[in-house]
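Q: Each chain, letter by letter, is given below.
Number of protein chains: 2
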Amino acid sequence: MKGNVIVGQSGGPTAAINSSLAGVYRTAIERGAKKVYGMRNGIEGLLEERYVDLSEHITNDLDVELLKRTPAAYLGSCRFKLPEIHEDQSVYEKIFEILEKLDIEAFIYIGGNDSMDTIKKLSDYGILTGKTCKFVGAPKTIDNDLALTDHTPGFGSAAKYIGTSVKEIIRDGESLVYGKGLVTVVEIMGRNAGWLTGAACLAEGEDCEGPDMIYLPEIPFDIQKFVAKVKQLLEKKHSVVVAVSEGIKLEDGRYVCELGSSVDFVDAFGHKQLTGTANYLASLVAGEIGCKTRSIELSTLQRAGSHLASRVDILEAQQAGGAAVMAADEGDSGVMVVFERISDDPYQVKTEVKNVHKIANDERVVPREWVNEEGTYVTAEFKRYVRPLIQGDVSPVMVDGIPRHLRRPFKC
Amino acid sequence: MKGNVIVGQSGGPTAAINSSLAGVYRTAIERGAKKVYGMRNGIEGLLEERYVDLSEHITNDLDVELLKRTPAAYLGSCRFKLPEIHEDQSVYEKIFEILEKLDIEAFIYIGGNDSMDTIKKLSDYGILTGKTCKFVGAPKTIDNDLALTDHTPGFGSAAKYIGTSVKEIIRDGESLVYGKGLVTVVEIMGRNAGWLTGAACLAEGEDCEGPDMIYLPEIPFDIQKFVAKVKQLLEKKHSVVVAVSEGIKLEDGRYVCELGSSVDFVDAFGHKQLTGTANYLASLVAGEIGCKTRSIELSTLQRAGSHLASRVDILEAQQAGGAAVMAADEGDSGVMVVFERISDDPYQVKTEVKNVHKIANDERVVPREWVNEEGTYVTAEFKRYVRPLIQGDVSPVMVDGIPRHLRRPFKC
Chain V
0 MKGNVIVGQS
10 GGPTAAINSS
20 LAGVYRTAIE
30 RGAKKVYGMR
40 NGIEGLLEER
50 YVDLSEHITN
60 DLDVELLKRT
70 PAAYLGSCRF
80 KLPEIHEDQS
90 VYEKIFEILE
100 KLDIEAFIYI
110 GGNDSMDTIK
120 KLSDYGILTG
130 KTCKFVGAPK
140 TIDNDLALTD
150 HTPGFGSAAK
160 YIGTSVKEII
170 RDGESLVYGK
180 GLVTVVEIMG
190 RNAGWLTGAA
200 CLAEGEDCEG
210 PDMIYLPEIP
220 FDIQKFVAKV
230 KQLLEKKHSV
240 VVAVSEGIKL
250 EDGRYVCELG
260 SSVDFVDAFG
270 HKQLTGTANY
280 LASLVAGEIG
290 CKTRSIELST
300 LQRAGSHLAS
310 RVDILEAQQA
320 GGAAVMAADE
330 GDSGVMVVFE
340 RISDDPYQVK
350 TEVKNVHKIA
360 NDERVVPREW
370 VNEEGTYVTA
380 EFKRYVRPLI
390 QGDVSPVMVD
400 GIPRHLRRPF
410 KC
Chain X
0 MKGNVIVGQS
10 GGPTAAINSS
20 LAGVYRTAIE
30 RGAKKVYGMR
40 NGIEGLLEER
50 YVDLSEHITN
60 DLDVELLKRT
70 PAAYLGSCRF
80 KLPEIHEDQS
90 VYEKIFEILE
100 KLDIEAFIYI
110 GGNDSMDTIK
120 KLSDYGILTG
130 KTCKFVGAPK
140 TIDNDLALTD
150 HTPGFGSAAK
160 YIGTSVKEII
170 RDGESLVYGK
180 GLVTVVEIMG
190 RNAGWLTGAA
200 CLAEGEDCEG
210 PDMIYLPEIP
220 FDIQKFVAKV
230 KQLLEKKHSV
240 VVAVSEGIKL
250 EDGRYVCELG
260 SSVDFVDAFG
270 HKQLTGTANY
280 LASLVAGEIG
290 CKTRSIELST
300 LQRAGSHLAS
310 RVDILEAQQA
320 GGAAVMAADE
330 GDSGVMVVFE
340 RISDDPYQVK
350 TEVKNVHKIA
360 NDERVVPREW
370 VNEEGTYVTA
380 EFKRYVRPLI
390 QGDVSPVMVD
400 GIPRHLRRPF
410 KC
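Residue numbers (numbering that gives the first Met the number 0), protein chains in the order written: chain V, 0 to 411; chain X, 0 to 411.
Read the hints as simulated data drawn from the structure, not as lab findings. A couple of the hints might just be wrong.
Any copy, or any two copies together, can satisfy a pair, since identical chains are not distinguished.
[What the hints assert, rightly or not] Simulated pairs of lysine-lysine, BS3-like, Cα-Cα distance not exceeding 30 Å:
hint	residue 1	residue 2
1	291	248
2	80	410
3	224	410
4	80	228
5	34	1
6	100	228
7	230	93
8	357	410
9	33	230
10	349	248
11	353	93
12	228	357
13	248	353
14	1	228
15	230	1
Computed from a prediction, not measured in an experiment: that's the story for all the values here.
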């Protein structure tokens with residue numbers, strides 16, 4: 000490379016997003032980039048000319064290793080949608096002016112659907128105006144819902160966290176005794192795609208039966224059938240654990256979490272609150288069956304749990320960052336790095352690049368045939384798909400009993 | 000030992016409760032016990048003559064290591080309060096009949112306050128009726144609220160989980176940008192004692208400022224001051240993280256979590272729901288300040304998170320189990336094993352036994368001087384106290400990407 004590289008992070012954080020940043024940095028340096036800039040808060044910060052010189056923050060190999068173990072966007076994230084090119088060109092002019100001033104040859108954006116929309120528009124504008132800067136996306140999302148790629152960095156670590164936590168929750172529930180039984184509803188992220196919720200099946204093994212039911216958002220949720228199944232299960236065992244996506248919906252399209260708010264729970268200021276899906280279902284079961292229930296939201300922890308990252312995920316994230324730089328250096332623009340799976344066992348993947356026009360704003364959901372007919376659990380195909388992605392550990396660098404992250408001297 | 004040993008687990012599970020079970024088993028075998036029985040679901044199961052021969056389940060050293068890494072009571076837990084001896088002797092007669100049938104010389108109970116009440120009553124009854132069986136307690140509670148001991152097994156691992164998770168949550172919050180800022184309220188267990196909530200300070204380090212405020216249940220909570228502090232903080236930083244105990248109360252004694260329910264949130268069956276403390280405070284801040292807020296309950300995960308256990312805690316838990324057997328073998332009864340801290344740095348402790356009459360039904364809270372004057376953070380003394388307890392790791396035995404636990408072929 001002759002010029003410089005700039006990299007940004009966008010959308011919801013993951014445990015692997017900084018490993019992609021590390022990959023971009025290392026490959027850019029290896030390929031001769033003079034400077035590697037980091038946008039602070041993605042394209043939003045770039046527009047305000049907020050960026051850092053990454054070599055000031057990543058000074059040695061240990062820094063790279065710490066960065067790979069640091070959750071959430073090191074550079075700060077953003078949610079910023081560029082206008083359509085024909086609507087407002089001034090934003091584009093400003094961005095390209097900054098890129099030219101910084102002598103940027105490759106613009107790498109680590110993100111999900113919305114971020115790929117940014118890559119698409121910038122690349123289109125570059126072509127329209129005859130600029131030479133290349134725009135390449137590195138995939139990132141715990142939701143695993145990007146099109147044209149086997150999976151996305153960030154998903155494997157979240158899946159490992161979910162499988163482990165659900166297994167620990169199952170043990171906890173089994174050890175408790177209540178007269179009419181105990182039902183635990185675990186709420187997992189993923190509004191439209193059930194990849195993460197399906198990963199609850201990873202709790203299964205010789206030492207654990209796994210959760211009793213798994214409900215994905217792809218399949219309409221039937222409340223009465225759900226309660227009947229729980230009742231049935233409680234006849235055979237005293238602790239029932241159910242994994243549900245935060246986005247499960249009724250046949251008529253209403254989110255289950257909206258049902259809770261139909262009773263008009265308002266806070267002290269009159270703001271209507273949406274109670275969680277798990278919370279609603281737990282109270283429903285308590286009412287219908289009279290057993291003890293509890294709801295657990297894995298919440299932010301599932302995307303920030305770097306201490307339990309998957310080695311496969313962290314290394315692939317780094318690889319995706321590196322491949323993005325390589326693609327730009329080789330002249331690609333308007334593309335995203337994707338993973339193509341060659342085989343499940345032994346697990347083998349290769350990276351390629353695909354046109355972002357076919358990826359941006361699309362959403363990949365769990366295939367219907369990877370869920371059982373009743374819609375209450377994932378199938379063997381799903382398990383075969385997800386298991387390789389959680390293999391191996393990235394041992395945290397422990398300092399005084401707590402995982403160490405890479406210091407960030409600047410504010411996002 | 001000439002006779003047999005029986006051991007039970009009681010109360011809320013922890014990540015270390017099975018390490019104490021391992022300690023009881025190993026020391027009992029070493030000291031010549033012929034059989035080591037495990038009560039299934041504590042004293043409640045014993046009364047139904049449900050118990051197992053532990054040698055059938057712990058068959059080698061690897062089993063011991065797996066048991067130490069398995070969260071929640073392996074034998075199943077219970078919450079069972081024995082009647083006062085003068086009220087109903089028939090229960091006692093039944094228990095002693097079973098103990099005599101099994102030739103039990105030492106009865107070890109791993110638990111918290113309520114479990115020590117069981118040890119107290121059984122020991123008293125034994126003395127009153129001239130029995131030779133010895134009754135000894137091994138301390139266990141994540142709440143760390145037992146009297147006469149420096150700390151309790153289970154606390155250190157929960158504290159390590161809390162420190163790590165809060166640190167990851169802080170990073171996550173810092174990476175996000177919202178116009179008026181983001182306030183995250185993290186709810187931590189401990190209704191009356193703030194040890195666990197205080198452990199949120201462990202997130203602090205060279206790479207993390209730690210949470211912005213910590214509210215313990217020992218100190219009355221002032222809602223207006225809290226909101227004012229949050230406002231102040233948002234002027235300096237865009238992400239504010241607050242750790243609160245689930246048990247914080249107003250000056251007038253009402254729990255903060257009760258305030259949420261005052262607006263009569265009822266589920267589909269008319270059952271009034273208590274919304275959580277964090278949930279209430281997050282919605283309050285959103286209303287008062289108009290910023291983005293989120294609430295996170297660490298919930299069951301903080302007591303079941305074996306994958307992130309503290310080595311000090313797991314080894315001390317095992318030691319406590321062993322010391323309980325030793326005490327019984329040496330003729331002690333009606334006592335609990337306690338830890339006495341000799342020094343903070345280097346950290347040194349020794350075990351002793353203390354009379355359960357002085358422990359049962361008592362509760363040890365965080366000293367007032369270990370919290371700052373404003374009541375919004377713990378002091379250096381608290382930090383010095385807690386830091387040694389989270390040191391070292393117990394690497395999980397990973398099988399196919401997920402931590403392995405000891406199989407339990409019997410149902411609790």
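Q: Each hint needs a verdict: does it hold in this structure or not?
A: Hints and how they fare:
1. In this assembly of identical chains, the alpha carbons of residue 291 and residue 248 lie at most 30 Å apart whether taken from the same copy (24 Å) or from different copies (25 Å).
2. In this homomeric assembly, residue 80 and residue 410 come within 30 Å of each other (Cα to Cα) only inside a single copy, at 22 Å, whereas the closest approach across copies is 54 Å.
3. Only between protomers do residue 224 and residue 410 lie at most 30 Å apart by alpha-carbon distance; the minimum there is 27 Å, versus 50 Å within a single protomer.
4. Proximity of residue 80 to residue 228 under the C-alpha cut-off of 30 Å is found in neither arrangement, the shortest distances being 43 Å within a copy and 33 Å between copies.
5. In this assembly of identical chains, residue 34 and residue 1 lie within 30 Å of each other by CA distance solely inside one copy; the values are 10 Å within and 75 Å between copies.
6. When the C-alpha separation of residue 100 and residue 228 is checked against a cutoff of 30 Å, the pair qualifies neither within a copy, at 63 Å, nor between copies, at 42 Å.
7. Within a single copy, residue 230 and residue 93 get their C-alpha atoms no closer than 61 Å, and across copies no closer than 34 Å, so neither meets the 30 Å cut-off.
8. In this assembly of identical chains, the alpha carbons of residue 357 and residue 410 never lie at most 30 Å apart, being 35 Å within a copy and 52 Å across copies at closest.
9. Proximity of residue 33 and residue 230 under a CA criterion of 30 Å is satisfied in neither setting, with 65 Å inside one chain copy and 43 Å between copies.
10. In this assembly of identical chains, the alpha carbons of residue 349 and residue 248 never lie at most 30 Å apart, being 36 Å within a copy and 56 Å across copies at closest.
11. For the identical chains of this complex, residue 353 and residue 93 are intra-copy neighbours only, at 27 Å inside a copy versus 74 Å across copies, given an alpha-carbon limit of 30 Å.
12. For a Cα distance limit of 30 Å, the shortest separation of residue 228 from residue 357 qualifies neither inside one copy, at 41 Å, nor across copies, at 48 Å.
13. Within a single copy, residue 248 and residue 353 get their C-alpha atoms no closer than 32 Å, and across copies no closer than 56 Å, so neither meets the 30 Å cut-off.
14. Taking the shortest alpha-carbon separations for residue 1 and residue 228, neither the intra-copy value of 63 Å nor the inter-copy value of 51 Å comes in at or below 30 Å.
15. In this assembly of identical chains, residue 230 and residue 1 lie within 30 Å of each other by CA distance neither inside one copy nor across copies; the values are 67 Å within and 48 Å between.
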